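Asks: Sequence:
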Amino acid sequence: MTIPHRIFTVLSTAAVLISGVAGAQDSVPAAGITPIEKAPALTAMQQAFEGVNWATDKKPNLRAKYYIYLISASWCGPCRLLMPKIVEAYKTDMKEGKLVEVILTACEQNPAGVPAYLAKYNAGFPGIHISAPDVDRFVGFDKNDMKRGIPFVVICDNNGKVLDKGHSAFGSWKATIKKDLEAKKAVKR
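Numbered according to the working numbering, the sequence shown spans residues 1221 to 1409.
FYI, nobody ran anything at the bench for these hints, they're computed from the structure. Please note that a few of the clues may not be correct.
Derived DSS-like pairs (lysine-lysine); straight-line CA-CA distance at most 27 Å [unchecked claim]: (1) K1311 x K1279; (2) K1381 x K1279; (3) K1340 x K1381; (4) K1381 x K1405; (5) K1279 x K1340; (6) K1394 x K1405; (7) K1305 x K1363; (8) K1305 x K1398; (9) K1340 x K1315.
Using C-beta positions, here's what the derived DEER-type ranges look like [as the list claims (entries may be wrong)]: (10) R1283 x K1394: 15 to 21 Å; (11) V1407 x V1382: 25 to 31 Å; (12) K1408 x K1340: 16 to 22 Å.
It should be emphasised that the depicted structure is a prediction, and the values quoted were computed from it without experimental measurement. Glycine included, every Cβ here is placed at the ideal spot set by N, Cα and C.
Modelling step: build the complete structure from the supplied sequences, incorporating the hints.
Replies: Below you can see the structure in the form of structure tokens.
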């Protein structure tokens, strides 16, 4: 073997070893350094609610597993009868948005009426006016449902899958969510 050939072989071997060590450093974290984890993918609801201009200071819990859109108005008699029941469930059974987040989509005469409507019932959930452009991005929400009259409720999972909707959907929200949770558990098994 000639000297130039030996030098080439040694340099080639050294280059392979060095690149292997550099690659190994990239894949094995040094002591005391934690590798950066990928952020979890956003759910459909998180994406839909990102950057929304809410009519209230309260923002929705983006970690909720279920969302209830409440299409309602302060001038509507049946809405006024339903609102105290929803507020009570939100404060007790729903634990203020931990598992289930309620979102008032208000049909008030103007957007300024939304906070007043929520305040009248001491509701702790977020609200938005039906005319807000952000409403069009809400997953599982269809403005055509308003043609059926109000109050109207839409129950979705955090990916925007509509589980139930209608005038009486709120009356069975617990059963609807329980059924969905059991179905999801069965799929995991």
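Asks: Now look at each hint and say whether the structure bears it out.
Replies: Taking the hints in turn, this is what the structure says about them:
Our distance criterion of 27 Å between C-alpha atoms is met by K1311 and K1279, whose separation comes to about 16 Å. Pair hint K1381 plus K1279 holds up; C-alpha atoms about 21 Å apart against a cutoff of 27 Å. Annotation: proposed proximity of K1340 to K1381 is violated, straight-line Cα distance about 31 Å (limit 27 Å). Among the hinted pairs, K1381 with K1405 is consistent with the structure: their alpha-carbon atoms are about 16 Å apart, no more than 27 Å.
Proximity of K1279 to K1340 is assessed by CA-CA distance (about 18 Å); at most 27 Å being required, the pair is judged to hold. Among the hinted pairs, K1394 with K1405 is consistent with the structure: their alpha-carbon atoms are about 16 Å apart, no more than 27 Å. Simply put, K1305 and K1363 have alpha-carbon atoms about 23 Å apart, close enough for the 27 Å limit, and the pair holds. For the hint pairing K1305 with K1398, the CA-to-CA distance comes to about 19 Å; that is within 27 Å, so the pair holds.
Pair hint K1340 plus K1315 holds up; C-alpha atoms about 20 Å apart against a cutoff of 27 Å. Restraint check, R1283 to K1394: a C-beta distance of roughly 20 Å satisfies the suggested window 15 to 21 Å. Hint check: V1407 to V1382, Cβ distance near 18 Å, so the stated range 25 to 31 Å is violated. Between K1408 and K1340 the beta carbon distance is about 42 Å. The supplied range of 16 to 22 Å is therefore violated.
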